[in-house]
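*Asks:* Letter by letter, the chains look like this.
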Amino acid sequence: QSVLTQPPSASGTPGQRVTISCSGSSSNIGSNTVTWYQQLPGTAPRLLIHSNSQRPSGVPGRFSGSKSGTSASLAISGLQSEDEADYYCAAWDDTLNGPHVVFGGGTKLTVL
Amino acid sequence: QVQLQESGPGLVKPSETLSLTCTVSGGSINTYYWSWIRQPPGKGLEWIGYIYYSGSTEYNPSLKSRVTISVDTSKNQFSLKLISVTAADTAVYYCGRGANHGSWFDPWGQGTLVTVSS
Chain A
1 QSVLTQPPSA
11 SGTPGQRVTI
21 SCSGSSSNIG
31 SNTVTWYQQL
41 PGTAPRLLIH
51 SNSQRPSGVP
61 GRFSGSKSGT
71 SASLAISGLQ
81 SEDEADYYCA
91 AWDDTLNGPH
101 VVFGGGTKLT
111 VL
Chain B
113 QVQLQESGPG
123 LVKPSETLSL
133 TCTVSGGSIN
143 TYYWSWIRQP
153 PGKGLEWIGY
163 IYYSGSTEYN
173 PSLKSRVTIS
183 VDTSKNQFSL
193 KLISVTAADT
203 AVYYCGRGAN
213 HGSWFDPWGQ
223 GTLVTVSS
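Chains A and B, in that order, give the protein sequences.
With this note's numbering, the residue at position 76 of the first sequence is 76, and numbering never jumps.
If you want this note's numbering, it's the position in the second sequence, counting the first as 1, plus 112.
In isolation and in its complexed conformation, chain A is listed as follows (with noise of 0.2 Å):
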């Protein structure tokens, strides 16, 4: 059971916009940042959104993220084939019993 909820999958045509949610609580993402990862097939997550809403040099523009309260959603428009992979959002958590970085549990993304 993870801290920080997502749905386990998503689709989308090539083209579509598809967005990806990300619950959490006040001690998390009520309270710190939200990042977004990418993890394709076989291969380490790479940094998405950070901040809530920046993209790392190199992230093309298609990739948005947002927060409010304790959600966060990330948005993928232009949807291409090469997007499929599962999505990873994470925070700080500022927990009574030790704070430390917790992740949602991850959605896979099709490419329909």
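No lab work stands behind these hints, which were simulated from the structure alone.
From a predicted model like this one, the values you see are computed outputs, not experimental measurements.
Check each hint, because a few of them may be wrong.
To be verified - Label-pair distances were calculated between CB atoms; the ranges are:
id : chain 1 : residue 1 : chain 2 : residue 2 : range
1  : A       : GLY30     : B       : PRO126    : 27 to 33 Å
2  : A       : ARG17     : B       : GLY167    : 45 to 51 Å
3  : B       : LYS125    : A       : PRO60     : 42 to 48 Å
4  : A       : GLN16     : B       : SER131    : 42 to 48 Å
5  : A       : GLY30     : B       : GLN113    : 31 to 37 Å
6  : B       : SER166    : A       : SER9      : 27 to 33 Å
Where a beta carbon is used, it is the ideal one built from N, C-alpha and C, also for glycine.
Assemble the complex: chain A is given as a structure, and chain B must be docked to it using the hints.
*Replies:* Here is chain B on its own, set in the frame of chain A:
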């Protein structure tokens, strides 16, 4: 550009200690925070902990009693020790560069699969 490479045994016996090292190249380990993250086969990501070059650490509460992360600045390396392993510790172990109380990691190492089995 900074690159990270994990190294260590791919097979560990139950109840023994898992030991891995991450070598940082292309940059100094004397900045940023250096993390270990793992991913059991077919499952999601779990943060294990991080270390600063000064030796300051933070661990995941769920693993804290079994984990030690250390740093060797002379070798630009940091290491993970996980004691009393069980089959549940079988995972791909990644090292990554990050920030204090942050959830971003970039870059990541390629990962190394550690299997716990007799």
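*Asks:* Against each hint, give a clear statement of whether it holds in the structure.
*Replies:* How the hints compare with the structure:
A C-beta distance of roughly 39 Å is found between GLY30 of chain A and PRO126 of chain B, which places it outside the suggested range of 27 to 33 Å. The given range of 45 to 51 Å is respected by ARG17 of chain A and GLY167 of chain B, whose C-beta atoms sit roughly 46 Å from each other. Distance hint for LYS125 of chain B and PRO60 of chain A: a CB-CB separation of about 45 Å, consistent with the stated range 42 to 48 Å. The beta-carbon spacing between GLN16 of chain A and SER131 of chain B, approximately 46 Å, falls within the hinted interval of 42 to 48 Å.
Distance hint check: the CB atoms of GLY30 of chain A and GLN113 of chain B are about 34 Å apart, consistent with the given range 31 to 37 Å. A hinted range of 27 to 33 Å is violated for the C-beta pair SER166 of chain B and SER9 of chain A, which are about 43 Å apart.
Checked against the numbered hints given earlier, the structure breaks hints 1 and 6 and satisfies all the rest.
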